[in-house]
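Student: Sequence:
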Amino acid sequence: MKYPIAFAAGIAGSFFIAQAASAAGGFEDQMSRCLQQYANTRDAAQVMLECTADAGKLSECKVVDNSAAGKGFDKAAMCIAEKLPMGAKTGTVKVPFRFPGGA
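Note that the sequence shown covers residues -23 to -1, 1 to 80 in mature numbering (1 follows the signal peptide of the UniProt record, and there is no 0).
With a cut-off of at most 25 Å between alpha-carbon atoms, the simulated DMTMM-like pairs for lysine to aspartate or glutamate come out as follows: (1) K71 - D6; (2) K71 - D42; (3) K71 - D31; (4) K48 - E5; (5) K66 - D6; (6) K39 - D20.
No lab work stands behind these hints: they were computed from the structure.
The task is simple: from the sequences and hints, build the whole structure.
Tutor: Okay, structure coming up:
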């Protein structure tokens, strides 16, 4: 993966690793595109999204925390969330993203 992003499920649940692995190619491509389009990968940031999970996908996401306001990481996280595999999880979930920078 060209631009590493550490993500984990928030308080509301966890990701299903098996599905993430099977969708890795498309997901990794999406991460790279989103970061290149919206954020400077040399900077570090943390973003927390709150989304609705249903049918294996996230929708209605909103940014609830952004450690690097104005640097595009909120937009990159929203873009990445469009392809983030969620398995069978449903309901409201908090999704933390950690952009380590240095790339």
